Amino acid sequence: MPEALLAVSLIAASGFLLPALVRAAPPAFTYPVAFIGNLLGYGCTLLVVVFASRRRGLRQLSRDFGFVIKRADLGTGAAIAAGMLLFIGLVSAVLRHSGALAQPPSPVASPLIWIVLLQGLVGVAIAPIVEELTLRGLLMRAIRNAILRRRPAAERTAEIAINTSIIISAAAFAGLHLHEAHDLYSGVSVGVETFIFGLVAGWVATRTGRLGATVAAHILYNATIFAIMIAAS
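The opening residue of the sequence shown carries number 1 in full-length UniProt numbering; numbering runs sequentially from there.
Rather than coming from a laboratory, the hints here were simulated on the basis of the structure. These numbers were taken from a predicted model, which means no experiment stands behind them. Some hints could be false.
[Said to hold, decoys possible] Each computed SDA-like pair below joins lysine to any residue, with the alpha-carbon atoms no more than 20 Å apart:
1) 70 x 191
2) 70 x 200
3) 70 x 209
4) 70 x 207
5) 70 x 82
[Claimed, not checked] Label-pair ranges, simulated between beta-carbon atoms:
6) 163 x 2: 21 to 27 Å
7) 75 x 227: 16 to 22 Å
8) 111 x 158: 24 to 30 Å
9) 56 x 20: 30 to 36 Å
Glycine included, C-beta positions come from ideal geometry on N, C-alpha and C.
Take these sequences, add in the hints, and give me the full structure.
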């Protein structure tokens, strides 16, 4: 459990503390600070996951956390990503039509190279893998093991452990993305959307015993958002 909490805290620091450092940096260093900060944050998080595997597990991410991607996972991941994009699009349209959700602030024009590095490399290639390993891999298993150790003989302990781990990991996933919101309504929207994704991802990871489908879904979802950003720019 200590490693899981540390890994989640490192991701939280990247999301909530790094923006403050970026704002405090001189204009010429804004993008380098953001890029290097993200690399350090996710890199340190991955090191914690690997350390937990070597210290408490079988020293293989595939066996300890189900970090395996099979061909079938790509289809499942695509279906999850498509479903989430459709759901989010419908919810956003309804909220904006009702006036509950204001238009987001106009994005600051950024050099294409930094869009590719920050949103493409970090957002599409790095963040999904590290976040899935941390939340659906390390954290969920740490919660289950903690519950099973405390109540080994209780009825329905395994079911309680599984359900609790899915809900807590989904809540953590939602909380880690609240920094993306720009007001109260968008915060509620982001929180609900990411919580639902976390529930689905946790359930799929539990049923399949691996992270392949959730990693694929996470990457495809972020890649779609990245493609929209590139097209808009």
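Non-conforming hints, listed in increasing numerical order:
Hints 1 and 8 not satisfied by this model.
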